[in-house]
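The primary structure of each chain is shown beneath.
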Amino acid sequence: MKNNNLHMKQSKKLDRRSFFKKAAGASAMAFAFPYIIPSSALGKGGIVPPSDRIVMGVIGSGSMGTGDMRSFMGKKEVQMVAACDVDKAHRERAKTFMDQHYENKDSNIYGDYREFLATEKLDAVILALPDQWHGIIGVAVANAGLDIYGQKPLARTIWEGRQIVEAVKKNKVIWQTGSWQRSVGNFHKGAELVANGRIGKITRVEVGLPNGNPTTGVHNVQPVPEGLDWNMWLGPAPHVPYRGVCHWDWRWILDYSGGQLTDWAGHHIDIAHWGLGFDKTGPVEIEGKGVYPREGIYDVPVEYNVKAMYANGIEMTIANSRQLPHGMGTCWYGDKGWLYVRRGNVIEASDPKIMDEVIGDDENKLYFSRDHAQNLLDCIRSRKETITPAETAHRSISVGLLSEIAMLSGQKLKWDPVKEEFIDNKMADRLLRRPFRSPWTLKNN
Amino acid sequence: MKKIKYIIFSLVLAVSVVFLPGCQTEQSVDADYSALVVTGQNNHNWEASAPVLKEILENSGLFAVDIAESPAKGEDMSGFAPQFAEYDVVVLDYNGDSWTENTKKAFVDYVSQGGGVVVYHAADNSFPDWKEYNQIIGLGGWGNRNEKDGPYVRWKNDRIVMDINPGSAGSHGEQHPFRVVNRVTDHPVTKGLPTEWMHAQDELYSELRGPAENLTVLSTAFADSTKGGSGEHEPVLMTIDYGSGRVFHTVLGHIGGDGSRPAMECVGFIVSLQRGAEWAASGKVTQTVPDEFPRFNVLSSWDKLRSYTTDELLECLKNFHKGDSRVCLQDLISTIRNAASNPEELAKLEKKMIKFLESRATSEAKNEICRDISQWGSEASLPILDKLMKDDDTKEMARFARERISGEYSN
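Protein chains in written order, with the numbering used here: chain Z, 1 to 445; chain G, 1 to 411.
Source of the hints: derived by calculation from the structure; they are not laboratory data.
Positions of the beta carbon are idealized from the N, C-alpha and C atoms, including for glycine.
Check the hints yourself; a few may be wrong.
[Said to hold, decoys possible] Each pair of labels, with its calculated beta carbon distance range:
(1) 335(Z) / 213(G): 31 to 41 angstroms
(2) 223(Z) / 343(G): 42 to 52 angstroms
(3) 171(Z) / 343(G): 37 to 47 angstroms
(4) 286(G) / 88(Z): 20 to 30 angstroms
[Unchecked claim] Chain Z residues, not near chain G, derived (Cβ > 10 angstroms throughout):
(5) 232
(6) 294
(7) 420
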């Protein structure tokens, strides 16, 4: 905590989260801040007084974490002070960005998130980790009482996702998921039109996610690059020797990710759910087929096609995009037409007039945000729920993870979205959770 | 009879059926067409060849196949009366005694009224004196056939040439692999196949003669004189129109007296037979060409196609290392998944897995088995998993499996 170091040394117990919680209830103006502010704390263009800034750090400063870190650093009310990554090159790069941005040398870097959490005094943390780490670190950060910008998918397993949701709830922290499409106009508009019956009663929805994965090369066992803590990178995942597959390409290996399917569930399934009002529920039946690689070390499906049935009879098809008529994106079908959204500000409908429809104030207005990072910052101050809270993220990725289980088990599965277990299928239940490698454990108490 | 399954065909189905958007249902188990293999006498090992023909056709997913077996050579043929008319295609693997007049008439009526026929290898040696039969097969050999039976048909100067010079019909040089050249590439049977492809060791029938009426030579092969061949480009795949009937004639597919059958195991033979049979039955071909179809200079045998037994898959997995082909692993997993709803079968498979985990297979192979068995294994697997947990190279995945199976998570 560089900007109010003195204060922190004297009173470690007063954490800033409780400050924001109080400030939400009272007038912030009523507080006086008798801190001595070091001049460096103002940094470049410091307009927001340091004492009023949201102090943030990042765990996992690879490409995604660095991107997220830099977009939050673009907010004048944020002070980014620390980064944690198991790769020395990643954390040093993060430090360079922070120090250049604030024109000082104050940022701290860590290789172990436990040390990071024990040492830094933060308001909020960005989590951009390989999926196998989401559960353990997500819960640890929530238990530390910090607000969170967590990358999708919420977790590698449904069990871990539920643990995060509970930890967030119990600790009353604010969670924003990296499902930023909800903060973009065309997705918001499309979901809102659908939610308000503008294409009639919805019968089915198609979700197109990216095709396959890169063809595998030869991945021989090789020395771990200097500066990479491979054992820590693997964390709770089964130990394997290093084969040059780590950053980015971890998503093609089932021990760390479900591939494109689970990587993108938090986008287009998330949007499908939004329009359907399914943010707190899930399918009741699911079945699917995947084509798995026959060569190389990657083992996530290269093709997938899944049908999920919801209690109200709506059917969701989730498939890699070349199998769907609209390709990538979300397409809802109702009894009065269809509506389709994808990235690139695309919104199309069976009848273009549907897009001119206005949703009245007395109708079902969906959560409005046009700046995903700002939405978290606003909610950190207001203590209100973000546009993509943990439960919503959990329900979105659950469909991806259920799809994965349906394909791996080769069975048609019945799912209880309340109890979050399969009906009469103890074997499929096994796949709701992955055993952690010793000594890693998820402590949620 | 040895069961032979071809992975590729289930794969083709998976891609074309399961992944068709909006299509939820699996391929129906009911075959589209019925086929009858007629056999029982042959100068070749028909007891070995007929079941293979049946398997090949059934594994296309299109045919339900019966076998009609005639009385042995010299025995009373009066009772031999296959119900040709009940089938979409009749596959002739017969070279022997004459049929009764009634049976002959039934066959000719069947074909002329629109039935499909596949003439396989030595079936074109049969019935040299039966006029309609020779019209149906187009070309034949041996049995004292000569210029009286019709011309030789060869590919010369970029076209099919009928050669009426006198000479006996039917010969072949020594068995050897040879290149087949598709001369008609827009026929349903040959469309999409490599134009030139290597066929495995076979007898290359040469100097066939016959009426050659309404005959289309789809493919030829050069009968190399250094191998004792005729020095001509001889027809190897043909179609004949007879009345409303469609005939597909393949001279390929020799089988040895000892059952050796490299020609029948050639993917080119298998696929051309399946396509020819579908065309004869329906006039169209809906099958896709597998990637394993032989190429210009690449032989391809069904070892590349057939899915192995569980034991063979485990044998194949024994030396598995990360980065090796996952074909055997994925096929094993598919085998296990197919048994998911059959507890007895699953228990049998688990026994095999346990035995494998106890064997001298590589740690990486055992780890893959542990990973999979974590999904479906029972308490029967726990002792071997406990044992594997004592070995550094397998302890992690053994524990992974153990925790999932027992439901007791240590972390």
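Verification of the supplied hints:
1. Under the hint 31 to 41 angstroms, the C-beta atoms of residue 335(Z) and residue 213(G), about 60 angstroms apart, miss the expected range.
2. For residue 223(Z) paired with residue 343(G), a C-beta distance near 47 angstroms keeps the hint of 42 to 52 angstroms intact.
3. Taken as a hint, the range 37 to 47 angstroms holds for the pair residue 171(Z) and residue 343(G), whose Cβ atoms sit roughly 44 angstroms apart.
4. Between residue 286(G) and residue 88(Z), the C-beta spacing of about 58 angstroms breaks the proposed range 20 to 30 angstroms.
5. Consistency note on residue 232(Z): stated as away from chain G, and its beta-carbon is indeed over 10 angstroms from all of that chain's, at 16 angstroms minimum.
6. In this structure residue 294(Z) is not separated from chain G by more than 10 angstroms, as the shortest Cβ-Cβ distance comes to only about 5 angstroms.
7. In this structure residue 420(Z) is separated from chain G by more than 10 angstroms, as the shortest Cβ-Cβ distance comes to about 16 angstroms.
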